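Visitor: The lines below spell out each chain.
Number of protein chains: 2
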Amino acid sequence: MSLIVHKYGGTSMGSTERIRLVAKRVAKWARAGHQIVVVPSAMSGETNRLLGLAKELAPAKETAAYQRELDMLASTGEQASSALLAVALQAEGMPSVSYAGWQVAIKTDSSFTKARIESIDDKRIKADLDAGKVVIVTGFQGVDPDGNITTLGRGGSDTSAVAVAAALSAAECLIYTDVDGVYTTDPRVEPNARRMPRVSFEEMLEMASLGSKVLQIRSVEFAGKYKVPLRVLSSFTPWDINIDEEAKSGTLITFEEEGASTMEAAVVSGIAFNRDEAKISILGVPDKPGIAYQILGAVADANIEVDMIIQNISKDGKTDFSFTVHRNDFARVTDLLKAKVLPSLGVTDFVGDTKICKVSIVGIGMRSHVGVASKMFRCLSEEGINIQMISTSEIKTSVVIDEKYMELAVRSLHKAFDLEA
Amino acid sequence: MSLIVHKYGGTSMGSTERIRLVAKRVAKWARAGHQIVVVPSAMSGETNRLLGLAKELAPAKETAAYQRELDMLASTGEQASSALLAVALQAEGMPSVSYAGWQVAIKTDSSFTKARIESIDDKRIKADLDAGKVVIVTGFQGVDPDGNITTLGRGGSDTSAVAVAAALSAAECLIYTDVDGVYTTDPRVEPNARRMPRVSFEEMLEMASLGSKVLQIRSVEFAGKYKVPLRVLSSFTPWDINIDEEAKSGTLITFEEEGASTMEAAVVSGIAFNRDEAKISILGVPDKPGIAYQILGAVADANIEVDMIIQNISKDGKTDFSFTVHRNDFARVTDLLKAKVLPSLGVTDFVGDTKICKVSIVGIGMRSHVGVASKMFRCLSEEGINIQMISTSEIKTSVVIDEKYMELAVRSLHKAFDLEA
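Same order as they appear, the protein sequences are chains F and B. To convert, count from 1 in the first sequence and add 71; that's our numbering. To convert, count from 1 in the second sequence and add 71; that's our numbering.
In isolation and in its complexed conformation, chain F is listed as follows (with noise of 0.2 Å):
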């Protein structure tokens, strides 16, 4: 018998249909004996339609009594999912009870719409699975420290399943979605990607762009922190389906022991990508202390985040300083420049591209082995596609190339590095 935490994600809970089923497979986990306690994610579309009325109402505002507001009402789609999942395991004949954030307590800091968990009250959920309950703790929100609701930004479900799970010490917190784990890369763009049984925590980081469709990022930091074993998996399979094989299946998240089987570890995991960045490279910058900083630190004033950046050794006392933004940003970062930036560089002329995209290999092997890197740009080279930007980490190494090559160079690599099915 162990405790073990169920999170079920928007799709999973999106009708009634569906939340019955999610009954049935949670009750057949209890009847095998586990102590189960179930964070639901709101029914899929229902935090939109709260927070499209909200604006209907007023422009988004970034006063904290606004902010203080959207959890109110955003708060209250989870507690429904929460009190109907409750319902439909009370008419499977199970016995359960559902408790908002604040019943728990789930206490958090007072960042409204993105608060932070401080602390979870385990002794209410306890007697209740002592005392042969089902529990459903309310996700994607908690009380701050003068009673207001507060909720912990998109995809916060996630981040509260593995909060509550770390809380009550639970031997696996499962992530039932609509995909069936993580894929070496996407699917839908290399057919023979393969899923993943295990991957590494780091590796999840790292892989992004696969990753957060499938699991909010912050999350994943929490359950590293707290080493709580995450195991993504589908809750599309049929609900009757032998708990032993389902308690197997999806992809397991781990976090590596201190440096040991990294020697059987695959050189790379995953073939990451994504598609919504945008390249801006300022040519014949002059080469003195300070450029970065005059750059940057006018883009990070206006609160614009920027992914890779790029300096190259310089020739003649001039250097090429290149970054990339979110492309959404694109055209905010050029006016920037135009306005103020080139101005006090004393330079006319720097490169936009928006039709790019990064594509990343990535896995923990990487750290031990060489020459990983420049098989990913060999096998670049024999698709005859240019790289325009390389950056690296210890575990992942991205290029930015030509959008038009993204596919090309998501299924080469694939193959090149033996990832297929």
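Worth flagging that the hints you see were computed from the coordinates, not collected in a lab. Each hint should be verified, as a subset may be incorrect.
No copy labels: a pair is met if it fits in one copy or bridges any two.
To be verified - No more than 30 Å apart at the CA atoms, straight line, and that leaves these computed lysine-lysine pairs for BS3-like:
(1) Lys486 with Lys411
(2) Lys185 with Lys197
(3) Lys296 with Lys185
(4) Lys486 with Lys319
(5) Lys486 with Lys197
(6) Lys475 with Lys194
(7) Lys389 with Lys132
(8) Lys178 with Lys194
(9) Lys194 with Lys132
(10) Lys319 with Lys298
(11) Lys178 with Lys197
Computed from a predicted structure; not experimentally measured.
With chain F's structure known, arrange chain B on it following the hints.
Guide: Okay, now just chain B, sitting in the frame of chain F:
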């Protein structure tokens, strides 16, 4: 400057468009120097939508665990509309804050789906009012001693508003709805019906069939107990109507000062009617002690509510016994009579009729005036309407007549008692 409670019903909160108008009206009152607490209902249709989802998952169950979850579920509708109103007020430039029932706290007993309010803590509300905020207190809901969310039953937001007004010693509780007051009778039946500028609590209680369309009867009892001046008025007037004019509009519900001022009270204030009832008469019942209990005990045991009960004097040791029930319960009652009651009475005959209606004249003034009832009977007889049953109370006389005469009876009585506009 007064402390005033506004309550807005589901139709008044029915869309973002309507919520914006509520916000403008509330802001007008606050800018006129009043401290305003608002109790909004859920957006119209929302409670039914939520409970409909629960019904799809499980047929209604009588267990406390199930009822508890219904309250978790249904309470989200009011919480969302409260937050939306706070957002709309902020958009109007009016500082505002919304509170769920547990945040204030509105403490209730643990009778899920029909909880009773036990206390309200006014500290947080008063501090916010003093800080210049409009305070929105979520209606319909509270929290029980174990920290579970409860709801007050259908129309419970009226009761919430009155309870908040009582706890804060508000100068007045304004119940904004989609009608502009309480009428001498239903204007759809008698176009000459007249809005009453004032009506007594007791008359409101007796006019349930008129009043319940406007106000939850329990809230009227509550207001009477705590002597909260209650005004029913329309939220469909232009929001920028002159505030002094608005403050006098609608119908003020007053509690009669002991015996005073009944002299000038109208003899009859209004004509109530009800076509939801059915009549059952058991003929030739042996007139001996315990008969009434023998008949109605069985009905009560089946949890069926009885309204009028008539037993006339006996002839030849036999009597006729009649009563009315809700039309929806008619079939169950006749089954019950045939199976259990009649055999034990040694009676074979009974008459049932669902094509009846009840028409009542109501008025505090009836207490001190004789001949009011006979005036009613003469009026009906002049119209050729046969009276099937009569029952009287201190301030109400009701008759049961053939359903087809209902409109005729209402209009004739309305005229006979000089109620016309």
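Visitor: A separate judgement is required for each hint: does it hold in the structure or not?
Guide: These are the hints, each one checked on the structure:
1. Lys486 with Lys411: Neither, since 46 Å and 82 Å both go past 30 Å.
2. Lys185 with Lys197: both (27 Å within a copy, 29 Å between copies)
3. Lys296 with Lys185: within (19 Å within a copy, 45 Å between copies)
4. Lys486 with Lys319: This pair counts as within: shortest intra-copy Cα distance 26 Å, inter-copy 80 Å.
5. Lys486 with Lys197: neither (49 Å within a copy, 68 Å between copies)
6. Lys475 with Lys194: Cα proximity of Lys475 and Lys194: none, with 55 Å in one copy and 63 Å across.
7. Lys389 with Lys132: Neither: 43 Å inside a copy, 78 Å across copies.
8. Lys178 with Lys194: both (14 Å within a copy, 23 Å between copies)
9. Lys194 with Lys132: Between copies, since 28 Å is at most 30 Å while 38 Å is not.
10. Lys319 with Lys298: within (19 Å within a copy, 66 Å between copies)
11. Lys178 with Lys197: Answer is both; intra-copy 17 Å and inter-copy 25 Å each pass.
The structure fails to meet hints 1, 5, 6 and 7 from the earlier list, while all remaining hints are met.
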